[in-house]
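Top line first, the protein sequences correspond to chains A and B.
Just so you know, we're using my numbering here: the first sequence kicks off at 23 and counts up by one.
Just so you know, we're using my numbering here: the second sequence kicks off at 23 and counts up by one.
No lab work stands behind these hints, which were simulated from the structure alone.
A quick note: this is a predicted structure, and the numbers were derived from the prediction, not measured.
Be aware that one or more of the hints could be misleading.
Said to hold, decoys possible - Taking CB as the label site, the calculated pair distances span: (1) A/Lys359 x B/Ser368: 53 to 61 angstroms; (2) B/Ser42 x A/Ala231: 44 to 52 angstroms; (3) A/Arg82 x B/Thr389: 36 to 44 angstroms; (4) A/Asp365 x B/Gly187: 52 to 60 angstroms.
Positions of the beta carbon are idealized from the N, C-alpha and C atoms, including for glycine.
Protein chains: 2
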Amino acid sequence: MSVTHPKGFRAAGVAAGIKSSGGPDVALVVNDGPDATAAGVFTTNKVKAAPVLWSQQVLRAGIVRAVVLNSGGANACTGSGGFQDTHRTAEHVAAKLTKGRSVLGAADVAVCSTGLIGERLPMDKLLTGINAAVRNLARDGGPAAAEAIMTTDSRAKTTVAQGVGWSVGGMIKGAGMLAPGLATMLCVLTTDAVADQETLDTALRAATARTLDRIDSDGCMSTNDTVLLLASGASGIQPTPEELYEQVHAALDDLGRQLISDAEGATKEIRIEVRAAASEADAVTVGRAVARSNLFKTAMFGNDPNWGRILSAAGTADADFVADNVDVAVNDVWICKGGQAADDRSKVDLSGRDVHVLIDLGAGEETATIWTNDLSHGYVHENSAYST
Amino acid sequence: MSVTHPKGFRAAGVAAGIKSSGGPDVALVVNDGPDATAAGVFTTNKVKAAPVLWSQQVLRAGIVRAVVLNSGGANACTGSGGFQDTHRTAEHVAAKLTKGRSVLGAADVAVCSTGLIGERLPMDKLLTGINAAVRNLARDGGPAAAEAIMTTDSRAKTTVAQGVGWSVGGMIKGAGMLAPGLATMLCVLTTDAVADQETLDTALRAATARTLDRIDSDGCMSTNDTVLLLASGASGIQPTPEELYEQVHAALDDLGRQLISDAEGATKEIRIEVRAAASEADAVTVGRAVARSNLFKTAMFGNDPNWGRILSAAGTADADFVADNVDVAVNDVWICKGGQAADDRSKVDLSGRDVHVLIDLGAGEETATIWTNDLSHGYVHENSAYST
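Based on the sequences and whatever the hints tell you, model everything.
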């Protein structure tokens, strides 16, 4: 049931004609309260799309009553005109949702966009689509919303994490451009827990840092990455900050796994586990360096347990370890011990989709896991043909 | 004539049976003096091959009388046994070259290796090959040496830069794993200029920083990168430090261009020129971020002037600029002005092999150029099948 699993939320997804395919491309998530606290995490790219700049302003007040999302266009690198489009979009949503005592302003509405960079959105279609989405808002509208934010995703991605008497629901999109800082995507989490803005923010940042931030499909960071967490308080239950973190983490972990399993052109889902690091940051840095090595990724595509490329990539990381102390296992075969060849590499079975790379740095006690994909002909094909 | 163009050098290249192809795989360059000053620049990878560790020690004394190089095996990640192999190689070369009053020690001999990581070298073959190389040493042996260091290179790469009465000769290998810190490779430069070790070192470091360091074919850094500069003093002429730098720079610039034009599977040679940066370091950082974006590189492969991916990659760089001030031209068409779409992208002709990306950051007056390649099916194919 996605973002509409928790109480207090309605959602919709409609086809507004923004996507040339004619598929659903406008999603709306509305928080009916009683609370409207919210937190957000955004791309750290210096080149931010208009909806990111807008939503960052909205989040400063810590209140979000609705999120409108469109696929079919990123509204990035579109200048002041693009920003005005975003503003107008938020105003339109606010006006359409204003009813009786419930008066909304544009500043209550977060906006997310995804698609090609550098083109203005067809505003007539978008605003007409918003009208339809408002009409279609429903307590079971979560799956439709999740479908409307897809771009090159092959399937909609939703999740539910259950607390005691309250829950977290979520949807995510993203299949390429998964990267540092944030795996590219739009992600909306909802909860009917009672939580103030600071508690939401702390939980969201901590959980993102250990989930979506550790996914690195192709090393590229988007202009539009946005992760939002909205709380309605409709359950009447106030979990402890730890309880809230746990469920937010569970939801993001599940959504992150779904992203990796659906990455563009990938034939492998690779879990790079770095252990015995001097610090958690070292473990992350080493894992990311391996995850970003095109030579490692092409070797994986070729079912080649090339541990030399793993060591070589690890050696570029700014981390505290000695090459002669490093052990590497691929799918449980220790093909490298003490920085040298060990078990016979022909014993490694890489025929399946799941790959587990275990790197023991022999430098401490900390650990971290980074998720990535292989680099395949499918990736090259899909990304060399995306916009032309 | 490669490394034997300057006076005072002999070289050879022979087939020792290390490469399974049976092609030439052992090269020897000998400095007959009268001087034997030298400088070296090495990979900054934490995982360094045995020959790199060895040659770094040799260079500490600033004297190199011979360089022995092998393809067919990197001797990286081979532990203390691998290091002993390198030591023994240097000893063998020194013994074979000792004649009459010319007594060489292992510490006079730099060693370079390239090929697959993680396997010990076949020492019998290597030492027998060295014997043959010593017998074949000749004043015109430069081209044969350049051929013997090739791995996936499709052609030998040599250069000559002419001073007044003295010259710089050079050879380089490297076709994949071109990257930061150093584009992977083995590179030997020779000169018959008179120059002390400090002057050589200064010239080599400055010239490398502006040439080979600015080549980034696939973002991967090798365990074996080595660039050596040997001076015989045989011309009797002592150029100024500036004159020496100019010719070393010219030689490395030419060799670097040859690397890019021969990169694995590449269909494009891409010159990323960043101008109007707040600092030269900013220009380099932005150029490198674009050069490493797989989304940009696949777009280039698809002949797609996707400036959104250029801006998006530039925005991940830690550099001082504002997105709204950035202009981008691809092959002289200004498809992005002020961070937005400008000239019609269909005007961009990407049918040729040479691509010029010009990024104006509008943030200052500094400039830098990074060279890279596209990401093609050929790259994926070649690197997923390299060792299996």
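**OP:** List in ascending order the numbers of the hints, as given earlier, that are violated by the structure.
**Re:** Every hint satisfied by this model.
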